[in-house]
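Please work from the sequences and hints to get the whole structure.
Protein chains: 2
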Amino acid sequence: MSLEGYSVSLLPAIEAELQRQVARLEEPRTRPFHEMLAYHLGWTGERSGLEAQGKRIRPLLVLLTTAACGTAWQSSLPAAAAVELVHNFSLVHDDIQDHSNKRRGRDTVWVKWGMPQGINAGDALFVLSNQAILDLEPTHPTEIVIKAARILHDTCLHLTCGQYLDMSYEERTDLTIDDYWPMIGDKTAALLAACCALGSLLSDVDETTQETYREFGHYLGLAFQVQDDMLGIWGDSALTGKSTESDLVSGKKSLPVLFGLGKEGRFAQRWAEGHVRPEEVNDLAALLASEGARLYTQEIVDQMTNLALQSLRLADPKGEAGEALFELANKLLNREA
Amino acid sequence: MSLEGYSVSLLPAIEAELQRQVARLEEPRTRPFHEMLAYHLGWTGERSGLEAQGKRIRPLLVLLTTAACGTAWQSSLPAAAAVELVHNFSLVHDDIQDHSNKRRGRDTVWVKWGMPQGINAGDALFVLSNQAILDLEPTHPTEIVIKAARILHDTCLHLTCGQYLDMSYEERTDLTIDDYWPMIGDKTAALLAACCALGSLLSDVDETTQETYREFGHYLGLAFQVQDDMLGIWGDSALTGKSTESDLVSGKKSLPVLFGLGKEGRFAQRWAEGHVRPEEVNDLAALLASEGARLYTQEIVDQMTNLALQSLRLADPKGEAGEALFELANKLLNREA
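As given, the protein sequences belong to chains H and V, one line each in that order.
The numbering of the first sequence is numbering that gives the first Met the number 0, which starts it at 0 and goes up by one.
The numbering of the second sequence is numbering that gives the first Met the number 0, which starts it at 0 and goes up by one.
Please keep in mind that the hints were generated in silico from the structure rather than gathered at the bench.
If you're wondering where the values come from, they're calculated on a predicted model, not measured in any experiment.
Certain hints may be false.
Note that the list lumps identical chains together, so a pair holds whenever it fits in one copy or between two copies.
To be verified - Here are the computed lysine to any residue pairs in the SDA-like style, where the Cα-Cα straight-line distance is at most 25 Å:
1) Lys252 / Pro31
2) Lys111 / Leu90
3) Lys252 / Pro27
4) Lys101 / Met166
5) Lys252 / Arg30
6) Lys111 / Leu174
7) Lys262 / Glu210
8) Lys262 / Ala51
9) Lys111 / His98
10) Lys111 / Glu206
11) Lys251 / Glu142
12) Lys101 / Gln116
13) Lys111 / Ile176
14) Lys111 / Asp282
15) Lys111 / Ser99
16) Lys251 / Asp315
17) Lys251 / Glu326
18) Lys111 / Asp97
19) Lys262 / Arg171
20) Lys111 / Ser167
21) Lys330 / Arg312
22) Lys111 / Met166
23) Lys330 / Glu34
24) Lys101 / Ser167
Given below as structure tokens:
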């Protein structure tokens, strides 16, 4: 069974588990509150549906890892829901912190319901993730449930640290590539690492294998983020038409930008002069590439991808779920947008 | 040993446990992030110290309940830290949602570090509470640890529901006293109930006794909040000098106000005309009292107090810790500010 084959059964099961978890808020008094979460998760409101729900990559990783370790994926559904709820909690708060109006082409929660309710909706998604992970209890030994909860909470602490670093970097002008890795390690890679750690913890594999799966998730997360940084400057939507979406305009200190700043050449000079206008984006992206940033960034993507695939091979995932895991990794790392 | 006697040993132990939990953020990279939390918790920055730390009522309740159930309070310290961290997470987010500049006489976190970092600091306090509760593991059976975590998470969901209701009430003009109870039940009473539920869960008492302690905390919370509503209109700081602190000026739909609105008399008339100015506060508070609101509210405080003390007597707390619990309840419910 291919990744697509798996997705046909996994994705509806993930959605059903998420809905079961969020239903804790479905009391008459808190129905409009429930609606905020249902809207954000893409189930209701304008243009709801698959596109609005996102790709559910994190819960897929949890379930495929469990299956590739030889255990029925169904028993990991509460953990799959938990990581997706954590991811969405961080998105809801991110959108407020970044003052972002749109998420997956739709108005963000805080735009629709105001900033105070937006903060609270994010908090609720966070609480629901904590409740979801404990729903592993009927099917797993209590020691394993506590280990799973610990992985989830430790990961959330990394997320807040990554968020702190990311926001504090906005004001700093002294950053180098060395500052980049801890930030994306905490902000992006930690949660993907947790998905694979959880998926394998909830099966019968030994601790060494669990650690190898965790490393796969970690490098996958790093590769994914650096790839994202590439696309943020040289991707289609960054260069053509909507060049306001370029990371050069938002001023994000992504890996190619930090590389360019380190070169102290014409790119660094232009960057120091202040805010980049959309009409400059094409020339500046070409300038940055000419200083070697694009090649460097692609090399890093390739390195991290190799490390991820190496870890995955070492973990030795079994059967068709194992093949689907390789497929998911390749799909994530070869995307164009 | 009196409540004061207990406080001498309990309060420093609570502070030490909180510091141990928050120390998870004490890495060189995240030191300024750690500082935000240390400042909010009253340990550092301008006018740090006992006043800035607050009364730590919730952790005291946890520890005294455990002791009154005949178990050494030390083993409940992680749970005590967890409830205090939850309380402070909600304060940090509350201050952003209410746009409050001051907390215990000091600048709020978001005023000092900006709204985005403030949201993230609250999130971190929340994560730390989740991590703290799992630190019960070495000293308690895993089933009990999971039960404790479940109590904590269920309570947090109540907090978000209460917060949702409270914020949604701001815009509503059709509220009655019936809308009041679920809101303060979720927003205030749930956490105090959790303190007593946790404190007794972590001892050897049976489930009926645990439920009785939970009820004690629940009624204590309701009594505490209604008392707070009394002070918000007829308390010293609401009436004299800083009458901007009156709930009549902030427009809070507290119990006396909802009572007054239900009377549809002169108070309701004035309320419908819009924002109350500080110079009107004394006359309006007197008008509201003349329509019976003060007497009514005091009766409710007395009722809830009686229910709380009745539950506590039924729980039959043991020894000096038991006496200290009664003392704490009486102190909370007979405060003047």
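Give me the numbers of the hints this structure contradicts, sorted from smallest to largest.
-> Going through the list in order, the structure violates hints 7, 8, 10, 11, 13, 14, 16, 17, 23 and respects the others.
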